[in-house]
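Trainee: So you can see what is in the structure, the chains are spelled out below.
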Amino acid sequence: MSTIALPIGKSNWQLKALPPLSLYIHFPWCVRKCPYCDFNSHEARGGVPEDDYIAALVTDLESLLPLIWGRPIHSIFMGGGTPSLFSAQAMDQLLSALRARLKILPEAEITLEANPGTFEYEKFRDYRAAGINRLSVGIQSFDAGHLSAIGRIHNGDEARRAAEIAASHFDNFNLDLMFALPGQTLQQALADISTALSSGPSHLSCYHLTLEPNTYFHRYPPELPDDDAAADMHDAIEARLVEAGFIHYETSAYCRPGKMSYHNRNYWEFGDYLGIGAGAHGKISFPDRIIRQARYKQPAAYLNAVADGSAVQTEETLSLEQLPFEFMLNTMRLADGFPVELFQERTGLPLSALNRGLQQAESLGLIERDHQTIRPSAQGRRYQNRLLELFL
Amino acid sequence: MKHIRNFSIIAHIDHGKSTLADRFIQFCGGLELREMSEQVLDSMDIEKERGITIKAQTAALQYKARDGEIYNLNLIDTPGHVDFSYEVSRSLAACEGALLVVDASQGVEAQTVANCYTAIEQGVEVVAVLNKIDLPAAEPERVIEEIEDIVGIEATDAVRASAKNGIGIEDILEAVVAKVPAPEGNPEGPLKALIIDSWFDNYVGVVMLVRVVDGEIKPKDKLLFMSTKAQHLCEQVGVFTPKSMQRDALKAGEVGFVIAGIKELASAKVGDTITHVKPAATDPLPGFKEVKSQVFAGLYPVESHDYDALRDSLEKLKLNDASLHFEPEVSQALGFGFRCGFLGLLHLEIVQERLEREFDMDLITTAPTVVYQVLMKDGELLEVENPSRLPDLSKIDEIREPIITATILVPQDYVGAVMTLCNQKRGAQRNMQYMGRQVMLTYDLPMAEVVMDFFDKLKSVSRGYASLDYDFKEFRADDLVKLDVLVNSERVDALSLIVHRATSIYRGRELVSKMRELIPRQMFDIAIQAAIGAHIIARETVKAMRKDVLAKCYGGDITRKKKLLEKQKAGKKRMKQVGNVEIPQEAFLAILQVSDK
Chain A
1 MSTIALPIGK
11 SNWQLKALPP
21 LSLYIHFPWC
31 VRKCPYCDFN
41 SHEARGGVPE
51 DDYIAALVTD
61 LESLLPLIWG
71 RPIHSIFMGG
81 GTPSLFSAQA
91 MDQLLSALRA
101 RLKILPEAEI
111 TLEANPGTFE
121 YEKFRDYRAA
131 GINRLSVGIQ
141 SFDAGHLSAI
151 GRIHNGDEAR
161 RAAEIAASHF
171 DNFNLDLMFA
181 LPGQTLQQAL
191 ADISTALSSG
201 PSHLSCYHLT
211 LEPNTYFHRY
221 PPELPDDDAA
231 ADMHDAIEAR
241 LVEAGFIHYE
251 TSAYCRPGKM
261 SYHNRNYWEF
271 GDYLGIGAGA
281 HGKISFPDRI
291 IRQARYKQPA
301 AYLNAVADGS
311 AVQTEETLSL
321 EQLPFEFMLN
331 TMRLADGFPV
341 ELFQERTGLP
351 LSALNRGLQQ
361 AESLGLIERD
371 HQTIRPSAQG
381 RRYQNRLLEL
391 FL
Chain B
1 MKHIRNFSII
11 AHIDHGKSTL
21 ADRFIQFCGG
31 LELREMSEQV
41 LDSMDIEKER
51 GITIKAQTAA
61 LQYKARDGEI
71 YNLNLIDTPG
81 HVDFSYEVSR
91 SLAACEGALL
101 VVDASQGVEA
111 QTVANCYTAI
121 EQGVEVVAVL
131 NKIDLPAAEP
141 ERVIEEIEDI
151 VGIEATDAVR
161 ASAKNGIGIE
171 DILEAVVAKV
181 PAPEGNPEGP
191 LKALIIDSWF
201 DNYVGVVMLV
211 RVVDGEIKPK
221 DKLLFMSTKA
231 QHLCEQVGVF
241 TPKSMQRDAL
251 KAGEVGFVIA
261 GIKELASAKV
271 GDTITHVKPA
281 ATDPLPGFKE
291 VKSQVFAGLY
301 PVESHDYDAL
311 RDSLEKLKLN
321 DASLHFEPEV
331 SQALGFGFRC
341 GFLGLLHLEI
351 VQERLEREFD
361 MDLITTAPTV
371 VYQVLMKDGE
381 LLEVENPSRL
391 PDLSKIDEIR
401 EPIITATILV
411 PQDYVGAVMT
421 LCNQKRGAQR
431 NMQYMGRQVM
441 LTYDLPMAEV
451 VMDFFDKLKS
461 VSRGYASLDY
471 DFKEFRADDL
481 VKLDVLVNSE
491 RVDALSLIVH
501 RATSIYRGRE
511 LVSKMRELIP
521 RQMFDIAIQA
531 AIGAHIIARE
541 TVKAMRKDVL
551 AKCYGGDITR
561 KKKLLEKQKA
571 GKKRMKQVGN
581 VEIPQEAFLA
591 ILQVSDK
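Heads up: the sequence lines are chains A and B, in that order. Using UniProt numbering, read the first sequence as starting at 1 and increasing by one per residue. Using UniProt numbering, read the second sequence as starting at 1 and increasing by one per residue.
Heads up, some of the hints might be wrong.
Said to hold, decoys possible - Straight-line C-alpha distance at most 30 Å; calculated DSSO-like pairs for lysine-lysine:
1) Lys297/A / Lys569/B
2) Lys33/A / Lys218/B
3) Lys552/B / Lys123/A
4) Lys297/A / Lys562/B
5) Lys561/B / Lys297/A
6) Lys259/A / Lys562/B
7) Lys164/B / Lys179/B
8) Lys547/B / Lys33/A
9) Lys289/B / Lys218/B
10) Lys33/A / Lys561/B
11) Lys33/A / Lys562/B
Hints are computed from structural coordinates only; laboratory data are not their basis. Quantities reported herein were computed from a predicted structural model and do not represent experimental measurements.
Same shape as in the complex, but just chain A (with noise of 0.2 Å):
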């Protein structure tokens, strides 16, 4: 797909430092595939194999090794799927092969996703000793009728009693939340809101529910609340955020001051991370070139490909023309931008290959710039995709 790959050794592009480096771990098991979901997740038929996908994941991060020799590990995050459907000891065992085979920063951040069902959240405590210090909980509502017109499996009360137990155990936590739900009314949108905020969460997500291609809901799309409507549920949900004190530092998160996720900040900042597990991305930059992986997506396929050797499913050199678009559709999600000097060090390019899409987004207002930094205006981060599309 790439037009002009970096051309090693024959030109004078080169990063002078390389990105922070995190590591995402991809659990693709969930109890059961929820309509409006496009993640790689798979049925849990009989349960998962627990002791073989942990040995796995260790054997797909040692051929990583050799790419990344001497660069710490800033933040580690375990998502899904559903990561808690896998034991505490089972995160604790995975946990401790990581600490002996990478420089772990000590201050990491290291999140595990959960789901808010019983069995699940009676292992919260467990979690938090295995050194996850950081809890992300699907909650998506905590009104009963819509989360099973989304298809959840977990009720209101198990949402509730599941935020309960993850701030009794972590002073670090998210909330996952979502809007423009099948039926729900503004009021009921702020409802999840107030309850979400009462368990005293540390950061907040709160997704507007979009119907995405591959998904149940594609193929039978619910009524859902018209554009308008929805418009008005996100600029309510903002203000009462805001007023309780959050910052809505990207486009779906907000948090309390210094809460930000380390890691997904670490995506939206064009920063490196591996990722293990199936089907999960990884983006590593080296002194003359960018690349990116995907893994075999399907589990019996990762677990034999780690088997044969190598979980890569495909590998590409990122050409130079890539790069600023890329960089753009990172960054252009956080509320304060880049600083300027970010580009050149991220994408080893000038920031004049931004000019073009630069000029024309600050001439229809959708920038905001000076010496030190570009952020996206007010419209730019409501009309994000038509700012992304000037650096298409």
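Start from chain A and add chain B according to the hints.
Mentor: Using the frame of chain A, we list chain B on its own:
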């Protein structure tokens, strides 16, 4: 010469002309079976898809008749659409006979009748054929009666055939031999050859399909084209079988091709007469006329830097389409583009489609319009092909619009609906004639109304049964006004229309409401207004979109999100930025979707 038969086929679209032609070629062994791609004579892709023959083509067939003699049958294919009536008349002028092919279940249609009348006027012998005779719905008796009533030719012994299933093919060829007269002409006289059609070939230049009337034509002959007085040296002559076969000469009565190193189609005009420089014929063959554009539209590249590419593409199309006219035009809203003249709406659509398909152009087309004659107060008479160029009303004495005479053939059940439609379109009835179960209506109609959506409307009110043929009649003054459209207070010249005052307010209102549906929501409110002069007559607003973001962009897999944005951007390819508003192609043609009161 007595073993030559020159004939063409007159048939309505879908009545089986192309299939029948294929059968003849197959029957006479012109092509091996494996060479028969479906419907050989319609060679352009668009023709195959739409089932319309656009350019006349030909096949010279050797037929051994039942009398044991071998005859040279020259089949000259004719276009089957109202936009191409001049080309039809030239094809017929080259023939002594014509097969009138009528669908035995559907009966006679206006287009067929019009072409038949042309044939009869030119003294061409018309032989009736009933096609699709094997269909359960076939009613040969009724259709024969209809042919006799409407066309006025003897049809009791019409050949019954099914081109699709190969029934009656030989009978038709026998009828051609028996009924179509052999050509007459003076083989010794000075050369007179009629150009039936001409097209551009990348290797040999212009190829002309000709009918030699008198004399003969050979390579190395010095040729004189009588309308342009141009001289060219003949390089090659031959016939199509339908494969091209070189011959030593084309003789009086024969049909074939001539190649004479001509670079431009404009030098080989359909209907012109070719003679020798010496001895030259004194008079040309009758019937030649310069083809004039009837319908005009602006064609603009979506991206302004594609202007040169669009000009190159139009020039290439013109190589093979002498009836396409274009000249540069500048629109405040759309930038640099071309005002193009077409024979009719179908011709416009075909050109547009070919530009997009064969030349990969992204185009904005403005609503089609006709030519208006504007009589200025100082006595000057202007022709206006673009409504936005209409001079200031205070300086205009009168505006005249082209009027056509339309002949509509429709089953009795739908006469009322068709008359209502014609009245809505400001038509004046001239005649109404009952012919069996069909009625022939003759109306004078403003051509501007017909180029919009008349044909589609006619088909819909008659469930597809009505058929239409028309001829230009005259320019006539009427109370016409210019309707402007303003987008966010800016007048968009490419959206201006000339309409009748009586319907202007209604049209303006409907137009802006239709545009509101077609213009997607953007980052700000968009006001769409219709105005006559300084007077705003309608307004609609496209409310601003509230947000346009990707809610989730997760886990480092950005490739899908990138594809999504690329798709969204590609979707805007057919949008033109006017001021800061993006207007999609459909909105420029919104007037075509405005229904009548």
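Trainee: Now look at each hint and say whether the structure bears it out.
Mentor: Hints, one by one, checked against the model:
Straight-line distance between C-alpha atoms of Lys297/A and Lys569/B comes to about 29 Å, which keeps the hinted pair within the 30 Å bound. For the suggested pair Lys33/A and Lys218/B, the alpha carbons sit about 80 Å apart, so the restraint of at most 30 Å is broken. For the suggested pair Lys552/B and Lys123/A, the alpha carbons sit about 28 Å apart, so the restraint of at most 30 Å is met. Taking the CA atoms of Lys297/A and Lys562/B, the gap is about 20 Å. The hint holds against a cut of 30 Å.
At roughly 18 Å between alpha-carbon atoms, Lys561/B and Lys297/A fall within 30 Å of each other, so this suggested pair holds. For a cut-off of 30 Å, the pair hint linking Lys259/A to Lys562/B stands: about 29 Å separates their Cα positions. With a C-alpha separation of about 24 Å, the suggested pair Lys164/B and Lys179/B falls inside the 30 Å cut-off, and the hint holds. For the given pair, Lys547/B sits about 29 Å from Lys33/A by alpha-carbon distance, which is consistent with the 30 Å threshold.
Between the alpha carbons of Lys289/B and Lys218/B the distance comes to roughly 26 Å, so the proposed pair stays at or under 30 Å and holds. Taking the CA atoms of Lys33/A and Lys561/B, the gap is about 21 Å. The hint holds against a cut of 30 Å. For the proposed pair Lys33/A and Lys562/B, the alpha carbon gap of about 25 Å is at most 30 Å, so the pair holds.
The structure is inconsistent with hint 2 alone, although it conforms to all the rest.
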